[in-house]
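Undergrad: So the chains spell out like this:
Protein chains: 2
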Amino acid sequence: MLMPKQTFFNIPTEKRAQIMDAAINEFAEFGLENASTNRIVANSGISKGSFYQYFEDKQDVFDYIITLLNEEKLAFFADKRPPDNNLDTFDYYRWMIKTGMEFNSTNPHLVQAVSRVLVGEGLYYGKKFEKYREQSTQVLQAMIEEAIKRGEVDPSVDVELAVMVMETWNNAISTYFLKEGLKQDDTMAWVRLPETQEKIDKLLYIMEYGLRKTESEFVTNP
Amino acid sequence: MLMPKQTFFNIPTEKRAQIMDAAINEFAEFGLENASTNRIVANSGISKGSFYQYFEDKQDVFDYIITLLNEEKLAFFADKRPPDNNLDTFDYYRWMIKTGMEFNSTNPHLVQAVSRVLVGEGLYYGKKFEKYREQSTQVLQAMIEEAIKRGEVDPSVDVELAVMVMETWNNAISTYFLKEGLKQDDTMAWVRLPETQEKIDKLLYIMEYGLRKTESEFVTNP
DNA sequence: ATATAATATGACCTTCTGGTCACATGACCA
DNA sequence: TGGTCATGTGACCAGAAGGTCATATTATAT
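Line by line, the protein sequences are chains A and B.
Yeah, the first sequence ends on 798 if you go by my numbering, and it's all consecutive.
Yeah, the second sequence ends on 798 if you go by my numbering, and it's all consecutive.
It should be emphasised that the hints constitute simulated quantities derived from the structure, not laboratory data.
Computed from a predicted model, the values in this text were never measured in an experiment.
Be a bit skeptical, because a hint or two may be false.
Remember, identical chains collapse to one label, so a pair may be satisfied in a single copy or spanning two.
[What the hints assert, rightly or not] No more than 27 Å apart at the CA atoms, straight line, and that leaves these computed lysine-lysine pairs for DSS-like: (1) 789 / 778; (2) 591 / 624; (3) 775 / 725; (4) 725 / 778; (5) 759 / 704; (6) 759 / 703.
Full structure from sequences and hints, please.
TA: Dropping the structure here:
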């Protein structure tokens, strides 16, 4: 677990929250490389010296932000269960995507900060965050292998490629969410809008059945 | 057309190429915001003063890099024709993607520099490059509308979403190309490798028919 | 009350940034 | 040869960056 120095955890909770707030906003707006410790310090109301007593450097702060995101996501999903235990793989993936978007709504700036750095600055594919990526790809891989066994996913597609497809849509939807959702006054309300939900449905429908005209057809509220 | 000052075009061609080379490498490595004019100047062997006699600022240089990319792409595609004039839309798209990758191989660093800034720094969706984006989406939109008329694309998908799907795959493949292709000694040879070509085929097959198991099945060299 | 340890501070350091400008160099023409 | 104008130069500027540190403040323990 990536953590700041002990001193950071000795200070009052409120002050800690203030610092993380300022840091999250800084990273969300400027990314990792262009983030300024001077601005973080100014916006969180602590002194330069204190900052370096809490953290090694700004990378240290960012690492902790990732830890925070993981913790909050885990907590959010802890009491969430899919509507049906024996859901079809595609329905389950759809549920995961939608629930993920609900989580994003609960703390959009935190999500934006991490996404901006990992996806935007291309660090996602770097060595530093390898384990995070591998963790999520392994979940998807297991999911797809199981789906092929169940006869739900085309066995002629290779698993590695299918994982890439799902990851790509995960990222695309997440990026779309951050671009559109943050424009809204109430992000959560926007996510729950029938129009928003239908857009996701349609997109995942394409992932499921492709663009080519076949017998199947998309229908609202199937 | 976005252009440097006239002085830039008065200097010898070789010197101009040297400057653009240094600039392209700088942007490819550091992006737009973190690119350093000092480094560009040092690596291209001109003085600071000269730089500002050629360009307004580094944004000006980058604009010209985009112009260069467009010109070269246009020139490359000028004498390229699809193998068949009445190609199926999906076959045509596949041809476009593959030919695009061949182009990328001819000047990977130029492509990387632009991609790094537009996609990576999220400027692609900013106002500044709106017209470039609109230009390419309009081509795709026309393509899809035509395909629906021809009965090739599922008429129940909306056009806007289909464009997004194709753009997403365009970007994903391009990103994959830059990540993997630049590792190779001979990028062009790598692109033409049967394995690489088959990977693209499989990916576009999924875009065409989806992940869901249906009657259709992927076959190599159909 | 005193001593000790933990915490907070902002002036200060170096290094780099984008950008300017007075001056040097060289080409061309009279 | 002398004059003019385009081109080239790097020292220099102000501002901001990340990072340090001697000192001031506060809390704790005796």
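Undergrad: Taking each numbered hint in turn, which are not upheld by the structure, reported in ascending numerical order?
TA: none
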